[in-house]
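Chemist: As a plain string of letters, each chain reads:
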Amino acid sequence: MALLVVLVTSLLAAAVLAFVGDRKYAHEINIIGSGATFAASIFLAFEVYESGPMLAGGDFFFVDAFNVYLAVLTAFVSTTTAIFSRKYMKFERAHGRIGHKSMRFYHAMFQLFIFAMLLALLTNNVGVLWISMELATLSTVLLVSLYRTPAAIEAAWKYFILCGVGIALALFGTVLLYFAAEKVFGEGTQGLLWTNLSQASGQLEPTVLSLAFIFLMVGYGTKVGLVPLHNWLPDAHSEGPTPISAVLSGLLLNVALYALVRCKVIVDGATHSNKTGYIMMAFGLLSIIVASFSLLRQKDIKRMFAYSSIEHMGIATFAFGLGGPVATFGALLHMLVHSITKSAIFFTVGHASQMNSTQDMSSIRGLVKGNPLVGWGLMLGVVAIAGVPPFGVFTSEFLILTAAMKNAPYLAPIFLLGIAVAFAALFKRAMPMVFGDPGPSQRPLKASHFPVIVHLVLILVLGLYMPVFLNDWFHKAVELLK
Amino acid sequence: MSLSLAAQINSVLAALILLTSFALLVQRRVQGLLHIFAWQGLLLSISTAVVGYSAGLHHLYISALLTLTLKVFALPYILYVLIHKLKIHKEVEEVVNIPTTMIIGIALVIFSYDLTSPIRELSTLVTRSTLAVALSTVMLGLLMMITRKKALTQIVGFLSLENGLFFAATSATYGMPLVVELGVALDILIAAFIFGIFFFQIRTTFDSLDLKEMEKLKEDE
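For the protein sequence lines, the chains are C and S, in the order given.
The first sequence runs 1 to 482 under this note's numbering.
The second sequence runs 1001 to 1221 under this note's numbering.
So here's chain C without its partners, still in its complex pose (with noise of 0.2 Å):
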């Protein structure tokens, strides 16, 4: 019941989002829209929690504990999201960056981008997981584009055309595992549900899910934003509105990653092998170094916060590569710490982006004295996801790093490296921008604090103390993705 409320509130709101367009009311719908599905979404963890994994709707939608966790924090994210992008998108409107039609669009696409990554989440079916993370994609692109300068619609393009063009693969990846599965589970839905596929996974051909596993790797790994797939996904956060970028950022990555880490289990389960563990280990450690080396020469704030999202999701899909119980829990921790902490930077990134009216890093400058909440939460946000305790992210790359030391020994320094390099990276450029005089052409500006006092206190919660029910169904994940 609460699973069904949750997809159909987004679902409702974008309709509604379409009426109302830009009249006054518009921003408020949005976050009751969101609200309401984060509320319905704590009602179905709870009862994921009490009952165990639950199959609904005909076995269309299944719930366990690795998707429930991910579905309750795309609900938190688009609603402070939605929260933050009230005072934003009024200030871009009344700044006359963006035109009456362009806000009608803006709401209805942002709730109909949340109703994809969710049924992106909770469906069964292999084959909807592809429609809907297409459905996620189509849906943003004109988004990134909305500010309709050159850089946006190219940003939007490259968007378009790499993520079409790697989903499109992953799709050849989905019919390859359904032509294994129709010779065990005969024709039919049967053969594409993921209850179905793990569970026989061992009757089905190895070399058919070798061959699909790597069709699904480069496609949704361009999603994942992985190196050397990555070039939209700099372009795409930087050029598109704000609360855009913390979205694709803190929970598009995600989901994609998700839908990886499902296929994976089936996979090994065919192969008997560790092969796609490998597979992804690589992708990870190239995205980590890659990333963490491009930090370095970055100028515009939001790119450099885009290639740390790349960096972040290299580490999570190595840690998922590693494998074994610490690796694996790392990996799922490391998916939550690092969104809330993500999108936490890009609200106090758009602000700072606002009052110095560019996106410039040696032109932002002195924000804790033009703005302290905007200032030390720019800060905070970057010592959280540099991985300094006592921060969540602390927590799971330690985690990873342990697991690695232990299974990967000679690799444990490649990661260490990335690390060391993003910490720098993203000092060098922040203390200037955050402390210092600042420049001439700063303007006050009315921030909206709450979203990201909420994702900072959180963030330090989860590095200084596990709730029971999280540490409950991380164990239950790692159980389930063994």
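Hints are computed from structural coordinates only; laboratory data are not their basis.
Mixed in with the good hints there might be a few duds.
[Claimed, not checked] Listed next, the stretches of chain S that the computed footprint assigns to chain C, with coverage defined by at least 3 CB atoms under 8 Å from CB atoms of chain C:
hint, stretch
1, 1106 to 1113
2, 1132 to 1145
3, 1150 to 1164
4, 1169 to 1175
5, 1180 to 1186
6, 1196 to 1204
[Stated by the list, open to error] Every beta carbon over 12 Å from chain S, so not counted as near; a handful from chain C, in silico:
hint, residue
7, Val-5
8, Leu-169
9, Pro-325
10, Leu-401
11, Leu-445
12, Leu-480
All figures in this text were calculated on a predicted structure; none of them were measured in a lab.
A virtual CB, placed ideally from N, CA and C, is assigned to each residue, including glycine.
Mind docking chain S on chain C? Use the hints.
Modeler: Here is chain S on its own, set in the frame of chain C:
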């Protein structure tokens, strides 16, 4: 219709689909591209119907009908209207010259056959020999997207790639379940509208549909 006859018809259709993929690579006129793309859609639709008939699967008729309306009429029509509104009549400009592209294309076809050979031996379907053709179509679509400069030709390449995927779904298996196929069709339709909007945005901002203009977003050295 006996199974072997159906298999033979399908092999012919597969060969023709591969031929249209190569034709897309050599065609220089934009309108010509659209015609070939429509032909490819028609072949695909017939092939789906034949598989549906010989296997007695009625849901494949729906897929065939979907393909017919979407890929033979709707998408070429949308593109046709676009090129008239945007007045694109110029010849297709390529990054790599056409003979070289053809040779790369042939290499890709051989690669696809090699890649799918273990699967071909497993398959018991009447359509099994066509999986390699499907993968070739995907690869050739990808090649077309890489070697062309104009936004419109990239899109035609993308759609032809999508055709290859659809062909894979009907040739490797007897089509995906209907839920999935309807969803995929819907996604393609939405994508078509999006690139329509895109063309206008690109045109008004850059004053041309040439992707050479769109090379601002690079890493600073």
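Chemist: Indicate, hint by hint, whether the structure satisfies it.
Modeler: Hint check:
Remark: the stretch 1106 to 1113 of chain S is not confirmed as covered by chain C, as 0 of its residues place a Cβ nearer than 8 Å to a Cβ of that chain, below the required three. Note: the stretch 1132 to 1145 of chain S has 4 residues with beta-carbon separation from chain C under 8 Å; the three-residue rule is met and the coverage holds. A count of 5 residues in the stretch 1150 to 1164 of chain S with a Cβ less than 8 Å from any Cβ of chain C is obtained; the coverage claim is therefore met, three being the minimum. Counting residues of the stretch 1169 to 1175 of chain S whose CB lies closer than 8 Å to any CB of chain C gives 4, so the stated coverage by that chain holds, three being the minimum.
With 4 residues carrying a beta carbon less than 8 Å from a beta carbon of chain C, the stretch 1180 to 1186 of chain S meets the three-residue requirement, and the given coverage holds. Coverage of a stretch by a chain is defined here by at least three residues with a beta carbon nearer than 8 Å to that chain's beta carbons; for the stretch 1196 to 1204 of chain S and chain C the count is 4, and the condition holds. With a cut of 12 Å on Cβ distances, C/Val-5 stays outside the contact zone with chain S, its closest approach being about 22 Å. At roughly 8 Å from the closest C-beta of chain S, the C-beta of C/Leu-169 falls inside 12 Å, breaking its exclusion from the interface.
The beta carbon of C/Pro-325 is kept farther than 12 Å from every beta carbon of chain S, the shortest such distance being approximately 34 Å. With 12 Å as the threshold on Cβ separation, the claim that C/Leu-401 sits away from chain S holds: the shortest Cβ distance comes to roughly 29 Å. At roughly 27 Å from the closest C-beta of chain S, the C-beta of C/Leu-445 stays outside 12 Å, upholding its exclusion from the interface. No Cβ of chain S comes within 12 Å of the Cβ of C/Leu-480; the nearest lies about 24 Å off, and the non-interface call holds.
Checked against the numbered hints above, the structure breaks hints 1 and 8 and satisfies the rest.
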